[in-house]
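Novice: Single-letter residue listing:
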Amino acid sequence: MLIAYIFTALTLVFFVINLMPGDPAYSLAVYYMQTYNLKFEQALEMARAALGYDVSKPVHVRYLEYLARLTRGELGYSLYYRKPAAEVIALSLPWTLLVLMLATILSYTVGTRLGVFAAFKRGKAADSVLYSAAIVMLSLPPFIIAVIVLYALGVNLKLIPLGGAYALGVKPGLNLPFLLSVLHYATGPVLAQALVQLSGWLLSARNVSVTILAEDFVKYGMARGLKRGTLTKKYIWKPARLPILTSLALSFGYMLGGSTLVESVFRYPGIGQQLAQALGSRDFGLAISIFTIMVVAVILASFLIELLYPLLDPRVKGA
Amino acid sequence: MRAGGALRTVWELIRPILKNRKSVCGILGLLFFVGMATVGPLIVPLQIGMEFSRRYLPPSLEHPLGTDYFGNDIFQQLIHGAPLTLGLAAAIALFATLIATVVGVASGYVGGGAGRALDFLTNIFLTIPSFPAMLILFVALGETHWLVAAAVMALWMWAGAAKSIKAAVYRVRFAPFVEAAENLNLGTPHILFKEIMPHVVPYIFINFVSSFRAALEASVGLMFLGALKYNPLHWGVILNLAIFQTGSIYIARAIHYPLSIIAFVALLLFFTTLLSYGVEEAFRPELRGYE
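Taken in order, these protein sequences are the chains called D and Y. For the first sequence, the positions run 1 to 319 when the working numbering is used. For the second sequence, the positions run 1001 to 1291 when the working numbering is used.
It should be emphasised that the hints constitute simulated quantities derived from the structure, not laboratory data. Incorrect hints may have been included.
Simulated restraints, written as ranges between beta carbons of each label pair [stated by the list, open to error]:
no., chain 1, residue 1, chain 2, residue 2, range
1, Y, Ile1251, D, Asn37, 31 to 41 Å
2, Y, Leu1013, D, Pro310, 37 to 47 Å
3, Y, Gly1115, D, His60, 24 to 34 Å
4, Y, Ala1117, D, Gly164, 25 to 35 Å
5, D, His60, Y, Glu1179, 38 to 48 Å
6, D, Gly229, Y, Leu1061, 56 to 66 Å
Footprint (simulated), chain Y over chain D, 3 or more residues, beta carbon under 8 Å [said to hold, decoys possible]:
no., stretch
7, 170-182
8, 285-298
We put the beta carbon where it would ideally sit given N, CA and C, even for glycine.
Whole structure, please, built from the sequences with the hints as guidance.
Specialist: Okay, structure coming up:
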């Protein structure tokens, strides 16, 4: 199933790139012709090599070539960096994964807890404040929050750096100054990604908890005088986290897609900014390779989450 | 359907929306932006030039939001960019809802192998990160007509809506009245359009509004990154100019420039979100308890 999924998604990626009106290599060739002062035929050949396919060959041949290259683990070739795209991505992917991991942990733990809290306080001031704040936050896309965070915390208060992944002075490696610097530089992108997600978790955890709080077994627990902590942990949290968990994969995909904008605003050297730069310099080989990695990453993430299901819900084990 | 039935159907669609607090707030807020996009350009003329002596003037009576890097009035640009910003998003939402309705109704009504194939396709489109896909397509396509751009974007934004419309179809697919119509041999067109669709229309509407919101976010984001520059007044393009091209966010005396654009984009998205939540609550009473 996983293989079928990845296979279909990549097929789709291939056909989208290939069935674009006209020859995408043409515009790239014109660009090369002007930039490197080449003859058009030469530039076209170069462009076709860069894109990884030759439009003069029939589609099914190109498709098989594409699949063959992918199964060998070969991505495209980056013309800008003049090395295989995989090498370029290997340098930037860890930064993006770090930001997404921190943003997911932060938003999930804080958001769901606030959501359950709001459900308990339903109709009171604390609930209204949380609910309204969540709606406002949720209406803002990550890149708008990124600009606001960059201005407020970076330019105005000078609390976070304006670009990069770690300070120039520190030595990369397993030492405390480096790790602290990495966290410091990741603060901006993490905040921009996490605030939107946090509001999403808050609202869905609140909605689920409100429903569960109305159930008889919860009312019975309350009547027995159970503490709110016990009630939350044993009664609400267990059934509530399941529907929430399904959105985790979608949230990961959304953040990965949004990283292009967020990382560009913070000049953070992850694959998102890499993709924007690759497109800016018409490095389609690198751009498509990054996109392929993103697609595979999102599909793998959603399957990992599905694997987690039986661990959290004993009812699924047998199925 | 009796005469006047269509009118009544429309009224039945609108009434619950007008009863919901969130959607009324959203509509009132959006009316401001629609007015800005339609009447605004007629009242406020656009003067674009290059007068560096007037660069980054602070907000004043003459320039309500100040001037930009080139010494042009920011408010004028926002007004004249509003029709494009709203129009493009509306076109994307329209196309996306159209695809979603066709796919959703087909997979919900037909079912079986074809339905499963459509579900699989929907899931794939739902998984693939749409923003990078649109970004690559735009850069590869180069300059295009704005409707072509809208169609290309819609291609990546229909999957969520298709899922929700399919669910709506599925809920009534095996209802007694549909079964009765089938036993009476009323024919597929009748069953589809007279029996099933009336129950699905509210969901199509909900999804149109949320698609509009998503389309705004995606189109402003794409232009903000500089992927598509077909018109220099789209709000995403002027935001790109403010943040990435001129770096005004790092200049203390120029900060009114990026922040006023950010404020307009944020307010527009806020009211659209409010409307989208309100409309969803209006048609799905089971959500109302959560307010």
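Novice: Hint by hint, note whether the structure agrees.
Specialist: So, going through the hints one by one against the coordinates:
The hinted window of 31 to 41 Å between Y:Ile1251 and D:Asn37 holds, with their beta carbons roughly 37 Å apart. The given range of 37 to 47 Å is respected by Y:Leu1013 and D:Pro310, whose C-beta atoms sit roughly 43 Å from each other. The beta-carbon spacing between Y:Gly1115 and D:His60, approximately 28 Å, falls within the hinted interval of 24 to 34 Å. Separated by about 47 Å at the C-beta atoms, Y:Ala1117 and D:Gly164 break the suggested range of 25 to 35 Å.
Look at D:His60 against Y:Glu1179: about 45 Å separates their beta carbons, and that is inside 38 to 48 Å. In this structure the supplied range 56 to 66 Å holds for D:Gly229 paired with Y:Leu1061, their Cβ-Cβ distance being about 58 Å. Check on the stretch 170-182 of chain D: 0 of its residues sit with their Cβ under 8 Å from a Cβ of chain Y, so the three-residue criterion for coverage is violated. For a cut-off of 8 Å, the count of residues in the stretch 285-298 of chain D with a CB near a CB of chain Y stands at 7, and the three-residue condition holds.
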